[in-house]
Every structure is written in C-alpha cells, then in structure tokens.
Amino acid sequence: MSEDPPARRSYHHGDLRAQLIAAVGDLVETHGPEGFSVAEAARRAGVSSAAPYKHFRDRPELLRAVAAEGMDRLRDAMAAGAARYPAGSLESVAAIGQAYVDFARSGPGVFRLVFGLTEGHEDDPKLQEMGSDCFAVVLRATAAVLHLPVADPVVGQRAYMLWTCVHGHSFLTIDRKTEGKFGMPDDWTYLMGISRAILGQTR
1 MSEDPPARRS
11 YHHGDLRAQL
21 IAAVGDLVET
31 HGPEGFSVAE
41 AARRAGVSSA
51 APYKHFRDRP
61 ELLRAVAAEG
71 MDRLRDAMAA
81 GAARYPAGSL
91 ESVAAIGQAY
101 VDFARSGPGV
111 FRLVFGLTEG
121 HEDDPKLQEM
131 GSDCFAVVLR
141 ATAAVLHLPV
151 ADPVVGQRAY
161 MLWTCVHGHS
171 FLTIDRKTEG
181 KFGMPDDWTY
191 LMGISRAILG
201 QTR
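Start counting the sequence shown at 1; every next residue gets the next number (the UniProt record's numbering).
Worth flagging that the hints you see were computed from the coordinates, not collected in a lab.
Just so you know, not all the hints are guaranteed correct.
Claimed, not checked - Derived DEER-like restraints, expressed as beta-carbon distance ranges:
no.	residue 1	residue 2	range
1	54	156	37 to 43 Å
2	172	35	20 to 26 Å
3	181	48	45 to 51 Å
4	135	54	30 to 36 Å
Each residue gets a CB set at the ideal place from its N, CA and C atoms; glycine is no exception.
Generate coordinates for the entire structure from the input sequences, incorporating the hints supplied.
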C-alpha cells in the first residue's frame, strides 16, 4: 500500500511572511543583498513567484524586513549578554560587545545588510527606531558603570565610543583583516580592554 504524498504546506496570516524573510536571509548570506531574486526566495518557501507580493510591496521592502528581523535578534542578543553579568560591571559591557561580534560572525550577510546603505533604510522610521533600541542597550550598560543618568551627555559620548570600536572590530573580523595581525588578543580580552579604556576603569 503506497503512502499518500506529503501535503503541501499551507500558509496563513504571518507564516508565509516569516518563511520568506528566513529564505531571503539565507540567500543574502550566500549571494549578498544584491545577489538574490524574489522568485528564488518564493521557490525556497514553496510558493508561487507572485505570492511574496501579497506581503511585500517590492524587493527593497522585503530586504528591509530581513534587516528588521536581524536587528530584533541583535538587540535581544545584546540584552541577554548584558544580563549575564551584574549591572554596572565592565563584564556586562564587554558581553554586549561579544554578542555584537558573534552576530556579525554568524550572519555576515545580514550584518552587512543591517548596517549597509541599502535602499530605503535611512528613510524607514521603523528601522531607525530599532537601531535606537539596539543602542539603548549600550547606553543603559554604560550609564550603570558610570553611575550617571542615561540622558547624561557623557553617557552618550562613551557609549558611542564603545559602539564604534566594537562595530569596526566586527567588520574587520568578518572581512578577515585582523587574522594574525596587530598582535590581536581574543575577542573577550579586546572587549574588556576597550571597556576599561573608555569607561575609565583600571581594575
């Protein structure tokens, strides 16, 4: 007796949207943000080439959705890193940086998409707000170390210094510009070092 063929997956509500975002994320990792087609994403999701346009106006909107999903994951990872150590500790700050570097390493294509000059990102209020939410994790951890209010200008300046150091290190890492050069220590040693230097701690 032959088995019935597997049923075609049925998508309802947000299921297809999430599936397409995941498919495009995989394609971005393989081909970059400019090297994939909506038709290929639809094929991977098991739907017609017209189906994505029920959820996304065009290709740029689909890419922005992938960037937004990535920013959600990055924010959550940064917050989880900070929570592993006591608030106000240098380790909590370094752990945020470690989560950032790990995110870049695990998905360099999406990392480049999130921070690249992809069409429409700069004019998307949602993406701008999500970027602010990510930076707010750094602001809160910085304020706790310095024993200052989050709104204090010094907190913003130091948090920006931390972010740019980690951001640059992440890009240099995924571009393989640091391997065997500069006497670079492991990530954690580097992250603790810049946390001490920027936040004025000597321990």
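Inset, instruction - For residue 172 and residue 35, compare the CB-CB distance with the range 20 to 26 Å and indicate the outcome. - result: holds, 23 Å
Legend entry - CB-CB spacing for residue 48 and residue 181 relative to the 45 to 51 Å hint: holds, 49 Å
Inset, instruction - Can you let me know if the beta-carbon spacing of residue 54 and residue 156 is within 37 to 43 Å? - result: holds, 42 Å
Inset, instruction - Given the hint of 30 to 36 Å, check if residue 135 and residue 54 actually sit that far apart at their C-beta atoms. - result: holds, 34 Å
When held up to the earlier numbered hints, the structure conflicts with none and fits them all.
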